[in-house]
Amino acid sequence: MRAFGYTVAGSPAEAVRIAARTPDSTFVAGGTDLLNLMRDGAEAHDHLIDVNRLGIGEVALDRRRLRLGATARMRRVAEHPAVRREFPVLSEALLASASPQVRNMASIGGNLLQRTRCGYFRDSASPCNKRVPGSGCPAITGHNRGHAILGGGDHCIATHPSDLAVALTALDATVGLLGPGGERAVPIADFYLLPGSTPEQETAMRPGELITWVDVPRTSVAGHSRYLKLRDRATFEFAVVSVAAALRTRGRVVQDVRLAFGGVGTRPWRDLRVEAALRGRPLTGQAIAEAGRLLVADAKPYEGNRFKVELVQRALVSILSDLGGLR
Amino acid sequence: MIYHGSRLTFKADTTPRQRMEALDSLREQGRTIPSVRSFAVGRDHSGEYEWGAIFVIEDLDGYREFLTHPARRRADRIALPLVEDIVSFDLTDDTDPETGAKIAELRRLLLEAPVEPDPLPDRPAHTRRTVLKAIAVTAAGTAAAGTGVAAAAPRTAAAAQAYAVAPGASVEVAMTVNGQPRKIVLEPRVTLLDALRERLGLTGTKKGCDRGECGACTVLVDGERVKSCLTLAVMRQGAEVTTVEGLARGEELHPVQEAFIRNDAFQCGACTPGQIMSAVACINEGHTGSEAEIREWMSGNLCRCAAYQNIVAAVADAAKEVRR
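Order-wise, the sequence lines are chains A and B. Residue numbering for the first sequence follows full-length UniProt numbering, beginning at 1 and increasing consecutively. Residue numbering for the second sequence follows full-length UniProt numbering, beginning at 1 and increasing consecutively.
Just chain B, same shape as in the assembly:
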């Protein structure tokens, strides 16, 4: 079978206990987690750089097939070597679950392992993709098909000054969304917008152009308005994010939401969440002195129904309300 599902990575210094806690917390979030806790220690071998990532891989054969599959190698220009060796190892077996003696030993073996040359003859050298050399470590008796997973330990990843994620690997991103601490496991290429909509189910934030031109995806990050399609979720580790779902206090709407309703400041509504989030920031920034000023400072939000007249009126109206 072809391996499917995501790989999550741990930082190398994450202890077995932290790994188990991380897997448990993912399970609590309703994610499919492998039944057997097994790992592969990865090494980036374009250079001497060591990622220190340890992947949870349940279906080792499937994973190897996935990595070596010609279609994937062609598509991603990924090179061998891949899974090198199989060592029986179960996380729960570690003699020292606090420091992870077995993991340390595997890391040492990994660093000593020789680097294979790139066997793809037709790949130009300068397009060389970062290659993962992996020593697979799996629990004895693991054979069942399933998804491979790994995870960054929540606290260690969030607190780390520097960390790395290999291409194709995933990482856990911790952020506060609408006041709630959330953890999302995702690849670096996932935008904040997609993380909010597709992973957290917060579909109030809209995807319009997905290239920073329309403003429908506007959210507040650490109190400032940003276009969530133009930032990667992984770059917002530890951030405080507010979406349109986070404005109301229970049944009581935010003054900007009230003002949009009062002024009939929308037609189809697709741009409205972005307009509202932008308006909240615009008012906080103090750019509501005149109609012209509001128009200038709301210019990052387009409305294809052209309800601008009423949007400007709503922002001016809400600004009065907020200042009161």
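For reference, chain A alone in the conformation it holds in the complex:
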């Protein structure tokens, strides 16, 4: 790794202040993705600002919401009794991620900001519009088995790798940010951006902003939720296709359903039309199949990832059948 400086910040405000006056700096919490990005030359930073001593690592439940401190470790959140009881999809998504070692190290904020696993992005010798804007996207005509069928375009078809982000997208989480311009909260639906013609801009975060917390509203539907992750080996692997689902039924009729998908979109993918197609109807194989077809109606598969069109529909059938007690 190229030499870089390092500062331990003592408070969120101080971390943001140091970032504002230190060119080419970034924040580090776990470092589990950042160190590899810097080794590979996918990212270069002259200065790391350690945010592990800011006092923003708590997990707390109050009347209205679950608050995940940005530096809470994946393991702590996954094991937290309130998370397991009221938001099982979060716990399952976290436990399906990475390895036990990495879950001890990696933070919630860092998890949301991890970079795509696209091999062209990670290989600094390849062109990549995300890494070097305007250099081209070899994935569109190259190895694209792991890439998106939804939300892509001529500039980028990389997927976002976070399982947690998929689960948070299903549960309408909000991301708390602190930056030079002060505090603000961004709904997760607006947090991740479609690549469009600027795939290097992945989130709505402004320069120098730090994630300080992630809020998840308490809802009854979240308590009946699951995460299904399909991958190339049994464990310790990124998703080929994943689904986060929360479901509330009365009798057979769907009262509320929340669905988000990983591995298929250029951002954690949620399509409210799919949920609307299920809501108020009896949960049947036919209803799920119709919802699934709606999900992939606009899909644009590539040579290597055509199989995802079918796979994501089957994943939807599987998880909703389980959650709805259809089998």
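Read the hints as simulated data drawn from the structure, not as lab findings. It is possible that some hints are incorrect.
Simulated coverage check for chain A against chain B, where a stretch passes if three residues somewhere in it have a Cβ under 8 Å from a Cβ of chain B [said to hold, decoys possible]: (1) 3-15; (2) 26-39; (3) 46-57; (4) 93-106.
Every residue gets a Cβ at the ideal spot worked out from N, C-alpha and C, and that includes glycine.
The hints should help you fit chain B onto chain A, whose structure is shown.
Relative to the frame of chain A, chain B by itself:
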């Protein structure tokens, strides 16, 4: 000559006495320490931020040449200004070794010094590297070639809530390794794995992929298993680290080590230290209820010989032993 060796930094508020103690303790660790205690006061001048670092620089001319060498500037995209002025000063001369009156005076001069514009014309502004502006302070009569060094005072650095290390500079990291207090002087880019293997000579921890995929580098930090290749040593200031060398009690092996031998749970052995450390944590975490559970919770450790069957058996075996 081109300057070589490491720069170690002191926090600004480190007193001369603490600096001397720090240098002495480094010498006791067998590190090469300059014979003359001389310092440069550094200032980060991309902004108004003041690092408060004071470098020990023995060979001032060599150091200046090192900083200004075109190859280094090109490679690191580092800019001038560099060593600005030379002031005679010897640490042992300070009228007040407890508070460091001379250092305070130099700090004041440093903060008042003007900032030079970046003279490298072909560098895009956004890639600007943090620039060190330095007023060099050296002991009178220092001319000998040698390595430049500086050090963070052990206690002050470890106890500090906030501290900073400039790019290319080093810092002292204090941690407890296998029950022993250790101090290592290193750059921020050094991983915990490299610090353990290359600096402390604890080569039991293996470097496999060096990117968090194989688990050969697994150690315990404050009782939890981590991949030591994915964390910087400087981020583990004050931590308690256990490596495979720290498991046995004298001649008596840890129950997990015994179980690995009993179950023939290795072939080439390269992944074994990581497997053992991971297994110790896996058992502590209580994830040994079934073979499937062990496989899931040991999944961060790969074995290219595919001795998984026996590894799983050894973990189950050791779990029984530990619980007994």
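Consistency of the hints with the structure:
no.	hint	result
1	3-15	holds (count 9)
2	26-39	holds (count 7)
3	46-57	holds (count 6)
4	93-106	holds (count 7)
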